[in-house]
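S.K.: Numbering of the sequence shown is given in the numbering used here, commencing with residue 231 and proceeding in unit increments.
Bear in mind the hints are in silico, worked out from the structure with no lab data behind them. Keep in mind that a hint or two might mislead.
[What the hints assert, rightly or not] So the derived label-pair ranges between C-beta atoms look like this:
no.: 1; residue 1: E407; residue 2: E296; range: 30 to 36 Å
no.: 2; residue 1: N417; residue 2: P350; range: 31 to 37 Å
no.: 3; residue 1: N417; residue 2: T378; range: 33 to 39 Å
Note that the structure is predicted; figures quoted are calculated from it, not measured. Glycine included, every Cβ here is placed at the ideal spot set by N, Cα and C.
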Amino acid sequence: MVTVRTATRADAPAVARILSEAFLDDPAWSITLPEDDTRLAKLAAYYRRRVRRRPGWVDVAVDDGEVVGALLWEPPADSGALATVRRAIAGGTRWVLGRLPIGRGARHTLQIEAYRPTAPHWYLRDIGAGPEARGKGVGTALLEHRLTIVDRSPTQLAFLESTTPGSRRLYERFGFEAIGSVATLGNQSSTAMLRRPGSSAD
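I would like the entire structure built from these sequences, with the hints used as guidance.
M.R.: Structure follows, in structure tokens:
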């Protein structure tokens with residue numbers, strides 16, 4: 231039976247393995263880390279660092295004592311440089327980002343950030359399951375756990391980026407709606423999605 235708990239620093243290697251493998255061929259990450267031969271190692275290092283720095287901002291799905299999935303999230307806040315960027319580009323000026331002399335990965339991130347609400351909100355960043363657990367409801371369990379907490383909190387607004395059609399369908403089941411898109415590779419695109427207060431799973 232899959233259960234969900236808050237991560238600890240000791241979970242960092244397992245979470246890094248699961249999420250780096252889950253996002254190895256992700257269109258958005260492929261823009262940020264275009265070198266195929268180094269992407270897996272760089273993703274693993276990134277996720278290890280995130281879990282070790284903020285284990286309380288990571289939910290892990292556990293089955294028979296083993297971590298089989300993870301969800302990285304950020305609590306409601308609206309401070310720092312990215313919040314300033316969101317305020318500055320709100321109101322129809324997102325087109326400017328496509329003309330900035332920055333790398334494609336940074337440009338993609340800023341374009342997605344432009345869709346984030348200026349009001350405090352939860353940000354569900356990355357969710358994934360290990361290959362042995364895919365199709366077993368791990369993603370659903372992680373989302374149900376976190377969104378139950380969101381719905382009981384004073385701030386019920388939640389944002390995320392969907393990078394594949396399959397993940398978009400999953401998020402729509404939980405009350406998220408598309409509010410914009412950003413091109414990734416070829417004819418693919420990421421979808422900025424928002425879950426408003428009072429939304430619920432189908």
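S.K.: For each hint, tell me whether it holds in the structure or not.
M.R.: Hints, one by one, checked against the model:
1. At about 34 Å, the beta-carbon gap between E407 and E296 stays in the expected band of 30 to 36 Å.
2. Between N417 and P350, the C-beta spacing of about 35 Å keeps the proposed range 31 to 37 Å intact.
3. About 36 Å separates the C-beta atoms of N417 and T378, a value consistent with the hinted range of 33 to 39 Å.
Hint check: no violations occur; every hint is consistent with the structure.
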